[in-house]
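A.B. asks: Please construct the entire structure, taking both the sequences and the accompanying hints into account.
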Amino acid sequence: MSARIAYIATNTFREAVRDRVLYNLIAFALLMSGAAILVGQISIGIEQLVVVNLGLTAVSVFGVVIAIFIGIGLVSKEIEKRTLYTVLSRPVQRWEFIVGKFFGLAGTLVVNTLFMAVGVFAALLYVSRSFQRADGWILVALYFIILQFLMMTAMALLFSSFSSPLLSAVFTFSLFVIGSFAEDLRGFAAMAQGISRWLATGAAYLVPNFSSLNVISSVAHQQPVSTQLIFSNSLYALVYTGMALCAAVLIFERRNLK
Amino acid sequence: MAAIEILGLEKTYRVGFWRTRAKCALRPLHLNVEEGEIFGFLGPNGAGKTTTLKLLMGLVFPSGGTARILGMEINDPRMKAQIGFLPERPYFYDYLTASELLEYYAQLSGVTAPERRRKVAEVLGRVGLQDAGGMQLRKFSKGMLQRVGIAQAILHDPRVLFFDEPMSGLDPMGRREVRDLMEELKQQGKTVFFSTHILSDAESLCDRVAIIHLGELRGVGAVEDLTSSVEGKVEIIWHGSSVPASLKTLITEYHLTGDTVRALVREANQDAAIDALRREGLRIISIVPVRTSLEEYFMRKLKPSEAAAGVSS
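Read top to bottom, the protein sequences are chains A and B. For the first sequence, the numbering used here assigns the number 632 to the initial residue and increments by one for each residue that follows. For the second sequence, the numbering used here assigns the number 803 to the initial residue and increments by one for each residue that follows.
In short, the hints are calculated from the structure, not lab data. All the given hints hold, so there is nothing to weed out.
EDC-like, lysine to aspartate or glutamate: derived pairs with alpha carbons at most 16 angstroms apart: (1) Lys-988(B) / Glu-836(B); (2) Lys-712(A) / Glu-890(B); (3) Lys-889(A) / Glu-890(B).
Chain B stretches covered by chain A per the calculated footprint, using a threshold of three residues with CB under 8 angstroms from any CB of chain A: (4) 878 to 884; (5) 910 to 919.
If you're wondering where the values come from, they're calculated on a predicted model, not measured in any experiment. Just so you know, even glycine gets a beta-carbon here, dropped at the ideal spot from N, CA and C.
C.D. replies: So, in structure tokens, the structure goes:
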């Protein structure tokens, strides 16, 4: 059972790695890190701040683009091209396929993030000549970015399990944008009255809360991240990802592959 | 034991924007395929052949009925380890090489690690792709992809094989090789269930065939039975340049070709016709019973008027 998930995940990873578009995105992210160095040089006194801010934002944005770009096609492309037929006619359960696909893309994103993180740290070393103890918080920011990717992947997979790649991209990207303003949405819900309050509160809890996962700015200012936040964000991402995956499995288990 | 038991399997799709209209893709289908048979599932395009195969593979869910393969339910993973499936116009992960793809499928089918490499090399050789194992599938021609499709279906040595239009995209040589492969699989005791609309393939290969049209089973039986002398006529060929007057009342139609005459005679008039030819001193070349071809049987079963006659299983 677990072996089949691992085989599907490995194949998904291999597909992503051999996808030339992926290389373009990585190259672009590295370029962004290079640009951070350039901007850092003209930002006298705040080089470190600019490099960390721009570098981590580049890692986050391009990782999200990769998660959406690949995630939306994970299931729908397999149905459209009928590659799924020769997989599901073997002793592979549908849920194993979904979970394998998730781990494959999640693995790809983690590896990409590690590569891009090397770029950020190299840029940081270039502008500040040496690392400081507080730079360790960048690792926490990267961990939160990875948590964000896991949630995005699960959502892209969920939408991909019942809609076309284009619609999946629109849904996932919309959720990413709304999720990035989740705290504002909660603030609005607290101020609203009547039915608007109920609707806004429901929406605020339904969309992923990416606001609390974004600690880029405070890390750039070398402020520490609390252990409680690390724990609660980890738990939140785990539960949200798990629920999105369960929903994807439930939908896909009932889907006719016409 | 029946290798495949289809018990009233049916499929209706909901179509239209609001999914309110029902479209019947397969009416309740009852069919048994015995172990070791090559079974042809015949029908024109859109008859319901692929829907039936997708139902058996668990790719779509039935609206009613059930099916068992090797005595197990169609969603049983133990059963799926013992079947092979070639979809129509197969498409594979084109970023993989043929060997990588087969290795992946071998993993999913539960082939043990030490066996995998040997099996992959073996099936590539069996479908004539021994030199193309390291080539990415995006560079493969349609015929080569069909061969990879067959390779992945037989890779894990399954007991029952399902081929959806296996000859599609193949040149005459490739078609011949697939026919030989299917014969070979039968000799190994495998059950082969294949859909086709190429009747000559079915006639030369199948032990039994079923004919499906508009989602409805129109006939099923052994090829010999379906193509036996149901016409009740014999064809008599003799040397001559005309039909003697004594024979004209006995024959139903005739053709003159050079110095031979080819005439159709009802079986009841066969002896009288032979006696008449002997009396006239004409040399008989052959007397052959007229067999209905599978094509004629097929065309007859597709006619709506005869559909009302029901299924002849």
